[in-house]
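Chains as they are written, first to last, in this note's numbering: chain A, 4 to 509; chain B, -11 to 303.
No lab work stands behind these hints, which were simulated from the structure alone.
In this text, a Cβ means the ideal position worked out from N, Cα and C, and glycines have one as well.
Where hints are given, some of them may not hold.
Said to hold, decoys possible - Here are the simulated distance ranges between beta carbons: (1) A:Lys128 / B:His83: 16 to 26 Å; (2) A:Met351 / B:Leu144: 50 to 60 Å; (3) A:Asp80 / B:Tyr143: 39 to 49 Å.
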Amino acid sequence: MKKLQFSKICKNFGAVVANDNISLSLGEGEILSLLGENGAGKTTLMNILFGHYISDKGFIEVEGKRLTPGSTKASLDAGIGMVHQHFTLAENLTVLENIILGTEPLSRLWSKKKLAYKKIEALSKRFGLLINPDAKVADLTVGEKQRVEIIKALYRDASILILDEPTAVLTPQETIQLFKVLKEMVNAGLSIMFISHKLNEIIEISDRIVVLRHGKLVGEVATKKANKELLAEMMVGHKVTRPAYEKLEIGKAVVELNNVCLNASDGSVGLSNINLKIHEKEIIGLAGVSGNGQFGLASILQGLTHPSSGEFKLFGQSLIKYDPRYLTKSGVARIPEDRSKEGVIGEMALWENFLGEELRSKAKSGFIIDKKKAVNNAEKLIKEYDIRCEGAFASTRLLSGGNIQKLILARSLSNNPRFIIANKPARGLDEGAISFVQHQIINAKTKGAGVLLISEDLDEIFELSDRIAVIFDGKLQGPFDASSLTINQVGLMMSGEMKEGSFNEA
Amino acid sequence: MLELLELILTTSLWAAVVRIATPLIFATLGELICERAGVLNLGIEGIMTIGAMAGWLWVYQGGDLWGGVVFAALVGMLFGLLHSILVVYLGLSQHVSGIGITMLASSISYYAYTMIIPFSTTPPKIVAFSAFEVPLLSSIPIIGGAFFNQTALTYLAYILVIVTFYVLYKMPLGLTIRMAGENPVANEAQGINVLLIRTGAVMVGSALMAIGGAFLTMSAFDAFYFGMINGRGWICVALVIFASWKPGKAFLGAILFALFEALQVRAQLIGADVIPYQIFSMMPYFLSIVAMMLVARRAAYPKALLVPFRQGDRI
Chain A
4 MKKLQFSKIC
14 KNFGAVVAND
24 NISLSLGEGE
34 ILSLLGENGA
44 GKTTLMNILF
54 GHYISDKGFI
64 EVEGKRLTPG
74 STKASLDAGI
84 GMVHQHFTLA
94 ENLTVLENII
104 LGTEPLSRLW
114 SKKKLAYKKI
124 EALSKRFGLL
134 INPDAKVADL
144 TVGEKQRVEI
154 IKALYRDASI
164 LILDEPTAVL
174 TPQETIQLFK
184 VLKEMVNAGL
194 SIMFISHKLN
204 EIIEISDRIV
214 VLRHGKLVGE
224 VATKKANKEL
234 LAEMMVGHKV
244 TRPAYEKLEI
254 GKAVVELNNV
264 CLNASDGSVG
274 LSNINLKIHE
284 KEIIGLAGVS
294 GNGQFGLASI
304 LQGLTHPSSG
314 EFKLFGQSLI
324 KYDPRYLTKS
334 GVARIPEDRS
344 KEGVIGEMAL
354 WENFLGEELR
364 SKAKSGFIID
374 KKKAVNNAEK
384 LIKEYDIRCE
394 GAFASTRLLS
404 GGNIQKLILA
414 RSLSNNPRFI
424 IANKPARGLD
434 EGAISFVQHQ
444 IINAKTKGAG
454 VLLISEDLDE
464 IFELSDRIAV
474 IFDGKLQGPF
484 DASSLTINQV
494 GLMMSGEMKE
504 GSFNEA
Chain B
-11 MLELLELILT
-1 TSLWAAVVRI
9 ATPLIFATLG
19 ELICERAGVL
29 NLGIEGIMTI
39 GAMAGWLWVY
49 QGGDLWGGVV
59 FAALVGMLFG
69 LLHSILVVYL
79 GLSQHVSGIG
89 ITMLASSISY
99 YAYTMIIPFS
109 TTPPKIVAFS
119 AFEVPLLSSI
129 PIIGGAFFNQ
139 TALTYLAYIL
149 VIVTFYVLYK
159 MPLGLTIRMA
169 GENPVANEAQ
179 GINVLLIRTG
189 AVMVGSALMA
199 IGGAFLTMSA
209 FDAFYFGMIN
219 GRGWICVALV
229 IFASWKPGKA
239 FLGAILFALF
249 EALQVRAQLI
259 GADVIPYQIF
269 SMMPYFLSIV
279 AMMLVARRAA
289 YPKALLVPFR
299 QGDRI
């Protein structure tokens, strides 16, 4: 009998079809991967399984029994555990409290914490999920938080575990560790559904792969018969080409950081003695797990903060007092990390957002914005960068993530910048948009710009970068020649396990 | 200055401190429970007012004292339910709804009082709770006579501090309440109905606020006056922050504020010819602000306070 069976699930959100007649099953002791781009309907399907949403049509069976729709409790009781993409943990509470929440009757007069403690210890030993039950969740690393989420499911004796993009936040080593744990769990009889869009991982971990596209189930293959190209094509629906890397003769230094330090403020990681030189016609990839100082470094380079000590030279000139406006004017372009929060103002029209970073220079006559000129400019860029929208007057928040990113690229790259900070430019985009963004960055490099590419996605870093630097706990290693590094080495540096001096600097 | 120091060692001062602190303890605990579940309840000032009126009226109309306390609590719960419907189920602004409830509840109190009680220059009185000594404990020097020669409601307040602590930290129910204020999605993901938990917390919290108000008309005084709550509710909102959302600290905070208040009344008598009395009246509030600045800056507030939770939201 099948462990889990989806039958003809349909779900619409208004006019958007999130799930269109999806039927699939999960066998006992099987790892099934659910592959698809953002917006393909993976998470919706899982939320229906977990009772967050009610499907419009269709039903789900667990071990042959119908699952009550729309009830998280029913799903939990049926033995389904879910590790959400965004952890559902309370930072201020302890690991133990987070795990036992909801497992005891509310009328019980005394929480049986000792018993829970023992059970958690036993589980963590059995599956190699090391964790201190008394630690406060806020003090844990991302990898540890994920362990807590997994133990939470195991604590309830889940027999089906759903992992929604579990590796998105992990270093390569943590991913290997997670995969070990997953194999251990399958051996113990659990069935696992693994949701991801990372092809390498899916091929490595799963027994069978199901591909979703635009809410439809478009294919199913045994992992043995699958390869990356085939899966990518199934996922996107057509062949996608990533830009080819090309090494260019580098020019003058555009950015030079000498012994730059930044004092940590309110809990964030500072920077200590950063030395970095970025030249014209080169892309430096900055790898690292989020929260290791990328924010501080990006803030300095955008002019949002000043270093506490050290020197910041831009285009050969040492900067003392500066602000974002000065940097933008002198040829620095930025692709911000959170595109919809920092990059655009959703409530405003496209043409207004195009003016965002050049309000004082262009499209202005006297004190008044020259709307005609601004709109013309916007329309030109919309065409040039193929931004899918209802025109210059459309509200920006209606755009998809990929199109917002195109808007930002159009705005910052159309001025031929000499230095670009690209902070996770491809995050959350689908294959088509990623390829567009990467082409644009390579084009800018060819035209002579220096680029700092900040990313957690090592594949992306290796595909684009000439040199790679790694940031961990506010300290920089490298940059090293990209060709002299392996993904594994970078992963070790990201987790602080490979210390400075283990490599010769390129 | 010396006189003030001597004053601190008198039982009568501490007796006044406890009397002033009792309604604050009730209402601060009430607000604390609401906020722990993630709901700010600015209805507190009005709920205290209507609690004061309702409890008193019950007794004035011939009911017994404990009946009055229960009636006040029920009326408080009713307004708690109203607040919950607006902010928990409909997800409206907690600030706006709270202030609205304060205005509504206060106005209803005054309106009902004026309609039911015929006008007279001296407000009618009831026979209030009377004090009784707790054997043994009341013989502790200075403090004993102050803390343990009070009315039953004060003792109830002490007990509630312990009960609130126990429920919040030792019972599974308390964990879910705290989780509702920290990360409601986590609650939902564990199969718990966040809306129900929040509503329950707000209703119980509001009941405590109303009892705090009732203490004033049924224990501290024996009549209902217009404007008698006089900002006590707002002080309690500040006390919750001062207490970093912990019941024990809430108790201490209430005592501390009451100490300032009791001292200033006495300091007025001592220093009246030199310093205008308004300065003294200001002191408790001024000192509260200072204390808040010292204590509350590092306070870890409930992460989901003020954040409405909607079922079926994307996770």
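Now for the hints, and whether the structure bears them out:
no.	hint	in the structure
1	A:Lys128 / B:His83: 16 to 26 Å	violated (48 Å)
2	A:Met351 / B:Leu144: 50 to 60 Å	holds (56 Å)
3	A:Asp80 / B:Tyr143: 39 to 49 Å	holds (43 Å)
Figure legend: structure checked against the earlier numbered hints; the only hint not met is number 1.
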